[in-house]
Amino acid sequence: MTRGRITRTILNVVALGVFVVVVFPVFWMISTAFKSDDEIVALKPTWLPSNPTFSHFSDAIDRPYFWADVKNSLIIVGATVTISMVLAFLAAIALAKYGFSGRKLFIVLVIGIQMLPQAGLIIPLYVVLARYHQVNALSGVILTYMTFVLPFAIWTLRGFLIGIPADLEEAAMVDGSTRLGAFVRILLPLIAPGLVATSVFAFVTTWNEYIFARVLLNDQSKQTITVWLSYFLGTSRNTDWGALMAASTLTAVPVIIFFLLVQRKIVFGLTAGAVKA
Amino acid sequence: MTAAETSILESPRRRRFSVGRLARGSVPYWLVLPVLLAIGAILGYPLYSLVRLSFQHYGLFELIQHKGQPVGLDNYRSVLHDRVFWDTLTRTAVFTVANVALTIGLGTLLALLLVRVSLVIRLLLTSGLVLAWSMPTVVAVQVWYWMTNYENGVLNYVLTQLHVGDFFHHDWYATTFSQLSLVTALVVWGALPFVAITLYAALSQVPRELVEAAEIDGARGWRVFRDVTLPILKPVLLILTSLSIIWDFGVFTQPFLLIGQSHIHPSNYLMGVYLFEEGYFKSDFGRGAAISLLMLVIVAALSVFYVRKMVKLGDAA
Amino acid sequence: MHGRTILAAAVVAALTLAASTAAAAVKTPSGQTAGSITVWLQVDAQTGWPDAVAAANRQFEQAHPGVDVKVQYQNWGDHLQKFDATLAGGSGPDVIEMGNTEMTKYMAAGAFADLTSRKSGFANSKSWLKGLAAAGTFGGKLYGVPYYAGSRVVTYRKDLFTKAGIRKAPNSLAQFRFYAQRIGKKNTSKAFSPVYIAGTDWYFAMSFVYDYGGQIATTSKGKWIGTLDSPRARTGLLAYKNFFLATSRASKTTDETRPNPYDVYARGQAASMIGPSWFSCCVGDKYKRSTAQFVMPSHQKGKPMPGFLGGSNLAVPVTSSDKALGAEWIKAFTDTASQRTFQAKGNIPNATNLLGSSVNERAALRSWFVPTAKHWVDVENGNILRNMLAQILTGRLTIKQAASSASDNIASVLNRP
Numbered sequence: 001m002t003r004g005r006i007t008r009t010i011l012n013v014v015a016l017g018v019f020v021v022v023v024f025p026v027f028w029m030i031s032t033a034f035k036s037d038d039e040i041v042a043l044k045p046t047w048l049p050s051n052p053t054f055s056h057f058s059d060a061i062d063r064p065y066f067w068a069d070v071k072n073s074l075i076i077v078g079a080t081v082t083i084s085m086v087l088a089f090l091a092a093i094a095l096a097k098y099g100f101s102g103r104k105l106f107i108v109l110v111i112g113i114q115m116l117p118q119a120g121l122i123i124p125l126y127v128v129l130a131r132y133h134q135v136n137a138l139s140g141v142i143l144t145y146m147t148f149v150l151p152f153a154i155w156t157l158r159g160f161l162i163g164i165p166a167d168l169e170e171a172a173m174v175d176g177s178t179r180l181g182a183f184v185r186i187l188l189p190l191i192a193p194g195l196v197a198t199s200v201f202a203f204v205t206t207w208n209e210y211i212f213a214r215v216l217l218n219d220q221s222k223q224t225i226t227v228w229l230s231y232f233l234g235t236s237r238n239t240d241w242g243a244l245m246a247a248s249t250l251t252a253v254p255v256i257i258f259f260l261l262v263q264r265k266i267v268f269g270l271t272a273g274a275v276k277a
Numbered sequence: 001m002t003a004a005e006t007s008i009l010e011s012p013r014r015r016r017f018s019v020g021r022l023a024r025g026s027v028p029y030w031l032v033l034p035v036l037l038a039i040g041a042i043l044g045y046p047l048y049s050l051v052r053l054s055f056q057h058y059g060l061f062e063l064i065q066h067k068g069q070p071v072g073l074d075n076y077r078s079v080l081h082d083r084v085f086w087d088t089l090t091r092t093a094v095f096t097v098a099n100v101a102l103t104i105g106l107g108t109l110l111a112l113l114l115v116r117v118s119l120v121i122r123l124l125l126t127s128g129l130v131l132a133w134s135m136p137t138v139v140a141v142q143v144w145y146w147m148t149n150y151e152n153g154v155l156n157y158v159l160t161q162l163h164v165g166d167f168f169h170h171d172w173y174a175t176t177f178s179q180l181s182l183v184t185a186l187v188v189w190g191a192l193p194f195v196a197i198t199l200y201a202a203l204s205q206v207p208r209e210l211v212e213a214a215e216i217d218g219a220r221g222w223r224v225f226r227d228v229t230l231p232i233l234k235p236v237l238l239i240l241t242s243l244s245i246i247w248d249f250g251v252f253t254q255p256f257l258l259i260g261q262s263h264i265h266p267s268n269y270l271m272g273v274y275l276f277e278e279g280y281f282k283s284d285f286g287r288g289a290a291i292s293l294l295m296l297v298i299v300a301a302l303s304v305f306y307v308r309k310m311v312k313l314g315d316a317a
Numbered sequence: 001m002h003g004r005t006i007l008a009a010a011v012v013a014a015l016t017l018a019a020s021t022a023a024a025a026v027k028t029p030s031g032q033t034a035g036s037i038t039v040w041l042q043v044d045a046q047t048g049w050p051d052a053v054a055a056a057n058r059q060f061e062q063a064h065p066g067v068d069v070k071v072q073y074q075n076w077g078d079h080l081q082k083f084d085a086t087l088a089g090g091s092g093p094d095v096i097e098m099g100n101t102e103m104t105k106y107m108a109a110g111a112f113a114d115l116t117s118r119k120s121g122f123a124n125s126k127s128w129l130k131g132l133a134a135a136g137t138f139g140g141k142l143y144g145v146p147y148y149a150g151s152r153v154v155t156y157r158k159d160l161f162t163k164a165g166i167r168k169a170p171n172s173l174a175q176f177r178f179y180a181q182r183i184g185k186k187n188t189s190k191a192f193s194p195v196y197i198a199g200t201d202w203y204f205a206m207s208f209v210y211d212y213g214g215q216i217a218t219t220s221k222g223k224w225i226g227t228l229d230s231p232r233a234r235t236g237l238l239a240y241k242n243f244f245l246a247t248s249r250a251s252k253t254t255d256e257t258r259p260n261p262y263d264v265y266a267r268g269q270a271a272s273m274i275g276p277s278w279f280s281c282c283v284g285d286k287y288k289r290s291t292a293q294f295v296m297p298s299h300q301k302g303k304p305m306p307g308f309l310g311g312s313n314l315a316v317p318v319t320s321s322d323k324a325l326g327a328e329w330i331k332a333f334t335d336t337a338s339q340r341t342f343q344a345k346g347n348i349p350n351a352t353n354l355l356g357s358s359v360n361e362r363a364a365l366r367s368w369f370v371p372t373a374k375h376w377v378d379v380e381n382g383n384i385l386r387n388m389l390a391q392i393l394t395g396r397l398t399i400k401q402a403a404s405s406a407s408d409n410i411a412s413v414l415n416r417p
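Protein chains in written order, with the working numbering: chain A, 1 to 277; chain B, 1 to 317; chain C, 1 to 417.
The set of hints was computed from the structure by calculation and includes no laboratory data. Some hints could be false.
What the hints assert, rightly or not - In silico DMTMM-like pairs for lysine to aspartate or glutamate, Cα to Cα no more than 20 Å straight-line:
| # | chain 1 | residue 1 | chain 2 | residue 2 |
| --- | --- | --- | --- | --- |
| 1 | A | K222 | C | D78 |
| 2 | C | K288 | A | D38 |
| 3 | C | K286 | A | D37 |
| 4 | A | K222 | C | D68 |
| 5 | C | K70 | A | D37 |
| 6 | C | K374 | B | E62 |
| 7 | C | K286 | A | D38 |
| 8 | C | K288 | A | D219 |
| 9 | C | K286 | C | D159 |
| 10 | A | K44 | B | D171 |
Unchecked claim - Just a sample of chain A residues kept apart from chain C, beta carbon distances all over 12 Å, derived:
| # | residue |
| --- | --- |
| 11 | Q114 |
| 12 | V135 |
| 13 | I164 |
| 14 | L216 |
As the list claims (entries may be wrong) - Rough simulated footprint, nothing fancy, chain A against chain C, three-plus residues with beta-carbon under 8 Å:
| # | stretch |
| --- | --- |
| 15 | 208 to 220 |
| 16 | 282 to 294 |
Glycine is no exception: its CB is placed at the ideal position from the N, C-alpha and C atoms.
Construct the complete structure from the given sequences, taking the supplied hints into account.
Dropping the structure here:
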């Protein structure tokens, strides 16, 4: 018993150390957001602001289109993640649990799209979307993001689904439900941690995506929060570092909220995921 | 449904599942149809256009005219005869191996750590990982640059204070090795949260009973891991490795922004940066398309081992 | 039944997607709605002189009732990528701001509408600054209207200069260097630079080359030749190297944005810095009152060193469906009143008859500009000059070696088809 506790304590300390290293850049960002301008450029770095100030936050929020762009980001990311996860889950079931001709081709397609360097697609994609009147429209961005999220989500969910033994599915089908119904009812709770991890990834990637949002959205009232953020750095004049750090902190908030909402499934996963014989 | 299709459903390894009614045969097709439509509608033309562009001389002038000049394999030839291409490829291969090894290795250790620590610490560490993950790349690069900058970077300050040496005014961006090491640290830091959390989620699928049973039998840490945990983790590990290879090979934002546009030079090019510089910065879109497709082929070759394993695993289920 | 419901849902989703894409496939010409024009300005205008933009919009809308102006602000980092996408797919702006070094490449590709016939309609067009006007002209035709310019000046701490016994601005390079050494003796901190210069600040370094009569490249029989390895250019480079090593503690390999010189100045680690005149905005509250500017002196006594003339031009993209209106907006935005606003914000106006006697404007009297070649942008983006300077300053190559290698590179890039 004591041996176990000592190991646990050592591991706890190690984990704390890892936490400090991993979180340091985030800490630095938040700390800078509260520092006065003089402190930010000082020769000797200070860990914590000596006179914390909220002025950078109010400067950031006062910049034009902040709230509009937050709303746009939420809409785009919400729609992309929801639609993509549903479609990807269905497709992943098909790939993992059904044998159908063309299956291998579909897998190759899924993994192949991920291997394409995105930079090459910017202009052709713009041309296609412009033809269908989807430039400068949230729907155009949602469609674009879906094509990036779907392959990755399908690939990952398929992996999670493969790990689940077939006996469970057969047990569910005994009572006469359709195969697909059984899959959804049985598999969904089992791969919940995987679904959550994948959707968090989808959320984070689309929330932070920049270049396609930049090229596809023209009106500042329609842009996303990452594009809004880029205006702090895009000028050839003075960059307001404090405001940039404050703005960056603000843009990270929705991601953190989303994660906190879904983290129970992951953090408590060990107890929830155990298979009862 | 033809006899051929019926027999596929009834082939030996599928015999576990019942054949069922006619509609079941078409169910998988309906399941993948929306995805195919979405991807096809959006990426279909760009993909076709990319291939077509690679066989044309297509610069800014041609872009405006909406018409390129067909030049056959010239773009490919020019790239494959370019010394810079091969140097960059080698450098990127080494970079990718280093990054993937660090990401997967450290990620696995982190996931195992998460399993063993107490609840509060676990919550703290996962929150920390998500915080790191939630930083937009552009911002993360800015913060990393600050921490490592020549004038007042906190890294130089801490290293000097810890008496590791005199790092006053140490220029981390002066040599290629130093630049790419910083980029590696940044990329791995950004990738760890996803890998660690996904692996942790996968670990939760390891039935407790099996682990306890193995431990009762006398197996210790490493053997339990190897015989019980690893087989269940295998699919997820394969996925993460293949994805990491693909992402790290084509990484662009971090090296371009951290090294800085003014320090980017053929001697520190990575493939993603090379594509951007040679194709799009110089507005040589035909060449850019050729490089994109070459990169696709190379990445496919690099990850084929893991992808095949992944596909086989699925078939054996 | 459960399975059927899902099946049905999947089918509906697929059909909706297909239907919506089909319905939206209506071709419209370049996406411009009649009754509005789109203007792309850099974000500098949004933060620097929004009143001038508003005034121009008002003026334009009064002259053209029923047409309103949509201004969309862009970043220097990616505005060309966006522009390329609109050139390919439409929905582009009717007016675009371009950096003066970016113009040639796009003019050569035919990206802009010909404004030559409208030239006389633009305010002060007869006395436009030569550098800006040249940047907007290609093959004898006008494509880009000069917007505003900026030169480089020395921003300095009056108090530190006075403490070192210096009462007047230096009248020659040698004297400046002598002053710098005096200041250095009074401020011996390791991180302190009497003159903060970033090692690879080629805008400043090339000024030395032009000051000694050299240049970056010339044309001969239609081909470009790199001339940085000429004796005069090399003298200039040596003068730069000596000046840098004597006066600056900045990194030898870094550029003039990492860090921003004014950040170094603001924390008291520089007695002076070289850069655009708007640097004085950001010197921090502590030193605001003791900051002033003077013109960078030449090696020849009493003359200013030629300064790089930066600036922007306004053009009408060839994809615009309202070219006439675009040109009218430019007319409103570059009239004398607007120029006075830009001038008040520390910029150089676009015409010689409007020039005042601020330090910035005096420095612009002797200026140099980059070779007007289609592929000059590739030389800049390829960091050829920056690498040459880093090699020279770190001593990895001799000046002769670095300069001739750079010259060869420049020639091969500029001579590309």
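Exercise for the section: Could you check the structure against the hints above and give me the numbers of any it violates, in ascending order? Expected result: Going through the list in order, the structure violates hints 5, 8, 12, 14 and 15 and respects the others.
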